[in-house]
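Please build the complete structure, drawing on both the sequences and the hints.
Chains as they are written, first to last, in my numbering: chain V, 108 to 509; chain U, 108 to 509; chain H, 108 to 509; chain Z, 108 to 509.
One or more hints might be untrue.
Any copy will do: because identical chains look the same in the list, a pair fits if it lies in one copy or spans two.
Derived DSSO-like pairs (lysine-lysine); straight-line CA-CA distance at most 27 Å [said to hold, decoys possible]:
no., residue 1, residue 2
1, K398, K459
2, K502, K398
3, K502, K459
4, K144, K438
To be clear, the hints were calculated from the coordinates, so they are not data collected in a lab.
There are 4 protein chains.
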Amino acid sequence: MSEGTDFTTTGVSRFPDRDLGVKRFRCEVGVPLAEQKELGHNRWHPDIPPLVEVGLGEELILECGGYDDYQLQDDDDPRDIQNFDLFRTHPLTGPVRVDGVKPGDLLVVDILDVQPLSGIGYSNILPGMGGPLASWFPEGFKTVWDLHGTSATSRQIPGVAIPAISHPGITGVAPSHDLLRVWNEREDPLIADGLAAPRLDAKDASVLRTLEGEEWERVAATAARTIPPRENGGNMDIKNLSRGSRVFFPVFVEGALFSAGDFHFAEGDGEVTWNAIEMDGVGWFRFSVIKDGMARYGVRTPMFRPSPFDPDFGTRYISFTGLSAAGGEQKYLDTTMAAVQAIEQAIEYLGKFGYTPEQAYTIISVAPCEMHVGGIVDIPNAAVVLKVPLDIFDKDILPRNV
Amino acid sequence: MSEGTDFTTTGVSRFPDRDLGVKRFRCEVGVPLAEQKELGHNRWHPDIPPLVEVGLGEELILECGGYDDYQLQDDDDPRDIQNFDLFRTHPLTGPVRVDGVKPGDLLVVDILDVQPLSGIGYSNILPGMGGPLASWFPEGFKTVWDLHGTSATSRQIPGVAIPAISHPGITGVAPSHDLLRVWNEREDPLIADGLAAPRLDAKDASVLRTLEGEEWERVAATAARTIPPRENGGNMDIKNLSRGSRVFFPVFVEGALFSAGDFHFAEGDGEVTWNAIEMDGVGWFRFSVIKDGMARYGVRTPMFRPSPFDPDFGTRYISFTGLSAAGGEQKYLDTTMAAVQAIEQAIEYLGKFGYTPEQAYTIISVAPCEMHVGGIVDIPNAAVVLKVPLDIFDKDILPRNV
Amino acid sequence: MSEGTDFTTTGVSRFPDRDLGVKRFRCEVGVPLAEQKELGHNRWHPDIPPLVEVGLGEELILECGGYDDYQLQDDDDPRDIQNFDLFRTHPLTGPVRVDGVKPGDLLVVDILDVQPLSGIGYSNILPGMGGPLASWFPEGFKTVWDLHGTSATSRQIPGVAIPAISHPGITGVAPSHDLLRVWNEREDPLIADGLAAPRLDAKDASVLRTLEGEEWERVAATAARTIPPRENGGNMDIKNLSRGSRVFFPVFVEGALFSAGDFHFAEGDGEVTWNAIEMDGVGWFRFSVIKDGMARYGVRTPMFRPSPFDPDFGTRYISFTGLSAAGGEQKYLDTTMAAVQAIEQAIEYLGKFGYTPEQAYTIISVAPCEMHVGGIVDIPNAAVVLKVPLDIFDKDILPRNV
Amino acid sequence: MSEGTDFTTTGVSRFPDRDLGVKRFRCEVGVPLAEQKELGHNRWHPDIPPLVEVGLGEELILECGGYDDYQLQDDDDPRDIQNFDLFRTHPLTGPVRVDGVKPGDLLVVDILDVQPLSGIGYSNILPGMGGPLASWFPEGFKTVWDLHGTSATSRQIPGVAIPAISHPGITGVAPSHDLLRVWNEREDPLIADGLAAPRLDAKDASVLRTLEGEEWERVAATAARTIPPRENGGNMDIKNLSRGSRVFFPVFVEGALFSAGDFHFAEGDGEVTWNAIEMDGVGWFRFSVIKDGMARYGVRTPMFRPSPFDPDFGTRYISFTGLSAAGGEQKYLDTTMAAVQAIEQAIEYLGKFGYTPEQAYTIISVAPCEMHVGGIVDIPNAAVVLKVPLDIFDKDILPRNV
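Here it is as structure tokens:
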């Protein structure tokens with residue numbers, strides 16, 4: 108039985124880069140970005156020095172640590188999520204300066220591939236940051252995923268296999284100084300109210316590639332946090348920006364200054380717990396341009412074309428509906444409330460099949476669920492449809508007569 | 108060339124009902140519901156007398172006038188939309204009492220087919236009722252559609268063909284008296300503020316099937332308007348409740364009392380102008396039950412399974428993104444604002460290909476566009492993705508270098 | 108319960124042709140083509156006089172009796188299939204002369220809709236004409252289908268619902284005299300050997316629209332049977348020439364002379380029993396042209412683009428393989444044998460779930476099964492893959508451990 | 108621009124195997140199987156000693172050289188295809204003995220992932236082995252592919268990008284001694300006629316893992332070539348046995364003895380030139396069992412369920428038809444001829460867009476084209492439909508008026 112043969116039990120596959128001459132930037136697995144800061148950054152600012160310059164039509168392979176910057180541990184100990192330092196999110200690899208791309212252009216990014224790096228995934232309900240139902244779970248809930256090629260399983264949620272729809276949660280370009288000022292002005296009041304993440308902290312967690320000293324201080328003072336998506340893309344958390352899709356970014360600075368990170372093995376629309384199946388990962392990108400595309404096509408926010416490789420569930424969904432009214436509560440065309448109602452309905456339903464609320468909420472956040480705006484005009488009730496794929500479960504979850 | 112042969116130039120196809128013995132309820136084309144009120148109703152109330160009783164497993168074919176109750180005319184004169192009487196929306200055919208179905212059950216409705224009745228469609232931006240961008244179009248905008256089998260075209264929007272994803276905008280069951288009371292209590296404050304449609308009007312437009320006199324007055328006083336979707340389903344306006352789908356309704360009264368209407372030839376997620384391609388139509392339904400399904404499965408709002416016949420666009424979409432921030436404006440996780448921003452971005456983009464804002468807004472409302480909740484956790488910005496199918500246009504609308 | 112209301116229990120829906128001015132040619136239900144021969148023909152010949160002339164861009168609605176020319180009866184009596192007169196197949200409606208279309212062009216036909224006419228379907232294993240396994244069933248086997256909107260059920264095959272993928276089995280254009288001569292020359296030897304259907308019979312079953320007397324005799328003598336598909340299209344029996352698809356025909360005569368018939372509610376690749384769910388039906392067609400398309404694009408046989416409305420089963424198939432070898436039998440790259448082997452494997456498999464060979468063979472022929480050429484190069488074995496959709500069965504037919 | 112940073116320009120991604128403890132068997136890139144013969148074999152025989160034993164539910168990662176056994180070179184020199192030694196095809200990795208699996212069971216293999224190994228692909232029209240049109244290309248034709256993540260491009264066929272539908276061309280189990288005898292008996296007459304590949308050659312190319320000397324001679328004498336697919340699976344060359352699919356194999360020997368190889372980056376139905384985009388690759392497999400499945404389900408040949416990750420082209424195909432008649436040539440229900448006719452039609456069509464016959468034939472063989480059996484009952488003409496995806500081309504290949 109092959110005794111004596113020296114076969115290792117772990118190993119590497121390869122991106123098919125032989126003879127393609129594609130430059131690859133490596134992330135040291137397990138090492139926080141601050142200790143390998145030549146690789147990237149975790150704030151948005153136009154003055155972060157580029158990592159690399161590429162020409163039009165060129166490709167790059169970018170590795171990146173997960174959104175947690177290697178704070179999470181593959182164990183069942185909740186201390187990592189209890190002590191999670193949000194200021195260290197999200198390490199990004201870049202910026203990539205694309206030669207010949209100017210403000211007003213559209214940067215075209217083909218996402219040629221996305222794969223796991225170390226091969227482990229995390230999805231967490233972080234205490235206090237766990238999305239609209241965070242208050243249900245004051246302790247939070249940690250899930251560790253084993254990534255088996257095209258599917259992920261977890262000891263915390265038995266009986267579920269999540270198919271890959273791998274994507275970078277964050278792809279974006281640098282804002283101009285003017286745009287950055289607009290961001291800060293409009294967000295500062297919410298930061299003051301605790302409704303948006305503050306820019307600076309005592310621990311100086313901002314990593315701005317190789318900037319140090321006064322230059323670091325100058326840039327860090329106004330650099331934008333990576334948490335919200337904005338006109339530059341950023342933390343779009345769109346599950347369909349996956350391997351095989353094409354993205355068009357408005358360009359605000361010379362060379363566009365593209366960065367990527369926050370890789371997800373899979374995610375549902377809305378990423379409702381604030382966590383997908385998060386992973387360190389690697390993306391393969393090709394860069395081109397639509398000259399003057401912003402004005403020619405009236406583009407202010409990113410556009411994209413979907414991937415032909417996204418998992419196809421056909422009709423194998425059960426769809427839940429949520430409204431901006433429930434029991435005695437009534438809001439006016441509040442789509443967020445409708446979404447939350449649909450999520451609560453789905454959690455209650457999945458509970459009948461043995462899933463705890465923590466498990467069900469996590470499933471909805473990480474499986475390729477779809478959440479559609481069902482109606483924003485039928486006053487006073489907005490409606491949202493939440494589609495949960497049936498085939499991720501190892502049992503039949505359709506309603507049946509006994 | 109067949110001269111002299113007496114072939115008519117219009118005609119009928121048939122639902123395949125020979126030998127199936129399926130009962131069919133006919134709508135007199137062009138006749139307002141008030142004049143054929145034995146057919147149905149336009150308010151929700153448990154005391155509206157049933158139109159018909161069916162057993163479990165039985166099928167019915169229900170015809171119904173469009174949401175406009177035959178107010179709209181196939182011409183280019185805008186007076187019909189200017190003088191539109193909203194109190195006459197929506198004529199519904201029913202209620203159908205399903206034998207053996209009790210409160211607490213789930214009524215299972217298979218939508219076996221949906222077809223146009225008279226073969227003409229309307230989509231309108233009604234002055235004042237035209238969705239979130241109504242203020243852009245104070246005059247409104249009227250579009251008349253020719254329904255050619257599986258596709259619709261319009262003289263008002265040349266160069267566009269909309270594929271059928273035909274469905275009843277409204278399918279629902281009767282509320283219990285208790286549930287109706289909850290609805291009225293939670294909606295009354297909004298009605299008082301003009302944020303929801305009032306129940307009664309001077310013209311006594313409520314049609315409650317054969318009820319008359321005091322009984323009509325008693326029921327009409329508390330019967331709910333059909334405009335918002337609610338726990339009973341109703342005006343869900345979900346484009347995927349289409350021919351071939353299966354819907355599960357919570358049941359609040361004996362026999363469920365199912366009704367349908369507001370047929371759409373096609374619609375986009377959100378029905379953003381408040382109009383799909385509206386049509387008089389005919390639906391073929393089969394009824395069954397999941398006993399005690401509400402408690403057994405924790406169901407409070409309708410669920411459904413999608414149809415295998417919905418048009419498949421594969422990857423042929425261009426997707427726009429919208430956020431709850433734009434320029435200097437900033438809201439906190441406001442998904443409705445994000446949806447509106449995505450719509451505005453799409454209107455601006457389509458404008459570069461020659462579509463007026465009225466046309467583009469209408470296209471987004473009536474074509475099988477998808478609108479996904481992209482993120483409701485990345486504080487402070489909610490994100491929405493609006494996917495517009497490419498192949499409804501007779502030209503290429505992808506961005507290109509000149 | 109609506110007592111006294113005069114609702115009929117059968118009825119008609121309509122193609123949406125109001126105001127479209129689309130000409131419709133009606134088939135008298137139940138009447139053989141010979142008795143309404145102004146409607147069409149059942150042989151191919153360039154000299155059959157046109158039924159109608161249309162311009163480019165025009166639409167037509169064509170009704171047609173089923174392939175059986177109303178020989179089949181909705182009962183359980185097998186005498187209709189025992190005494191089946193093959194010479195009366197297939198009634199076709201047409202020819203349509205398309206103005207401005209010339210030999211060498213490509214006629215473009217958009218199939219805008221296909222619907223049942225009388226609403227009943229038949230699928231038969233005809234004694235002696237039942238496809239490659241006919242010898243298994245010397246008595247034949249008759250199945251009658253009830254067409255419920257988008258799905259068909261049959262009392263002869265309980266537990267199965269077949270989704271609509273409705274299409275004309277036959278769409279084609281007239282051959283030129285030269286092409287007709289080629290056909291006859293190449294087929295005559297097979298006719299002599301009993302391997303192709305003879306042209307003429309004692310009963311003079313050829314219907315050639317209004318031709319009579321000597322002219323009938325002249326044309327009937329060389330007119331081609333409709334059974335095989337040929338360069339003109341004809342009996343292509345391609346399930347995907349369905350509502351929503353576009354077909355490109357090479358044109359051999361002035362005006363193309365298009366005809367259609369042999370409507371199917373649904374069919375599997377290969378139509379292996381020689382019967383789909385056969386029905387009288389109605390098709391809605393639009394005609395346009397690619398000038399000089401035969402030479403410009405090198406087209407000798409019809410091409411098409413598939414429909415977006417075909418039922419989508421996603422991954423819900425079980426796929427069987429067949430080879431050109433089985434047990435001790437061995438053929439050299441014989442794809443037909445491989446197809447038959449895959450069919451036999453599927454029949455055996457379905458037998459384990461309670462389906463008789465007659466039922467299983469019929470299911471494979473009429474459900475939207477796919478049959479792929481898996482390999483025609485791996486000498487000596489050709490391979491074929493037969494994909495059977497899982498969701499047509501009311502039970503789970505996947506293999507499981509007990 | 109990151110000068111001085113030590114980033115390598117090639118690199119590796121990883122299967123996510125950290126902490127999964129999945130055993131991986133490595134292929135030494137560039138080294139013929141005969142020199143690393145502990146890895147596998149290139150003939151089928153029940154007495155080849157197993158490479159490894161796994162339990163039910165276990166996973167394995169198997170690397171394997173391409174079908175060419177590293178004979179092909181990444182250059183434009185045709186000598187490698189002129190001197191190609193067919194006896195060295197196909198190196199397989201295995202056999203894997205699955206504990207607890209017995210003859211009569213079904214071995215269930217989940218294909219969890221498939222990736223390139225060295226990242227280069229080859230597709231060749233080998234002189235004399237190039238499929239049904241080999242005689243058109245006496246010199247053969249060599250194509251080298253660069254594998255960019257999810258798509259492949261080639262300097263020999265510019266303007267085409269082939270999406271990944273990666274799969275092992277060969278997955279199979281060992282035959283029993285009895286079954287092997289049946290194979291040899293039925294194939295020997297064809298071998299004698301040159302219609303099947305001979306078993307033995309002068310150069311002793313059979314690799315049977317570690318067997319040597321007399322034992323090698325005994326086994327090699329009757330071991331079956333890997334070229335044809337057979338009841339054990341083997342060279343099925345089914346493009347849909349791809350990452351995410353599940354295969355059920357009949358089991359003929361204790362432990363099943365599963366092997367895999369002949370990895371393809373992409374392939375069309377039929378693999379018509381006898382070459383896909385061939386690559387050295389790596390597959391990730393999980394093994395389970397259906398006890399007594401062969402008798403319980405009547406299974407004689409492999410079955411499978413398709414993958415949700417296969418590229419989705421929606422309606423974006425142009426479909427060609429081929430018949431078993433063409434011009435004056437006529438065969439009786441010859442599906443192979445119909446397939447070849449469809450291929451010839453497609454080659455002629457693609458020629459109008461600038462592709463040479465060599466290029467077009469290769470495209471049809473390696474792109475995810477579908478080839479459906481269109482009809483095997485409409486005597487005397489079989490029909491085949493060949494669907495070519497539109498979006499692999501960088502120009503529009505639909506027919507248009509000029």
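Outcome of the hint check:
no., hint, verdict
1, K398 x K459, "between (54 Å within a copy, 15 Å between copies)"
2, K502 x K398, "between (51 Å within a copy, 20 Å between copies)"
3, K502 x K459, "both (12 Å within a copy, 23 Å between copies)"
4, K144 x K438, "neither (46 Å within a copy, 33 Å between copies)"
Hint violations for this structure: number 4 only, all remaining hints satisfied.
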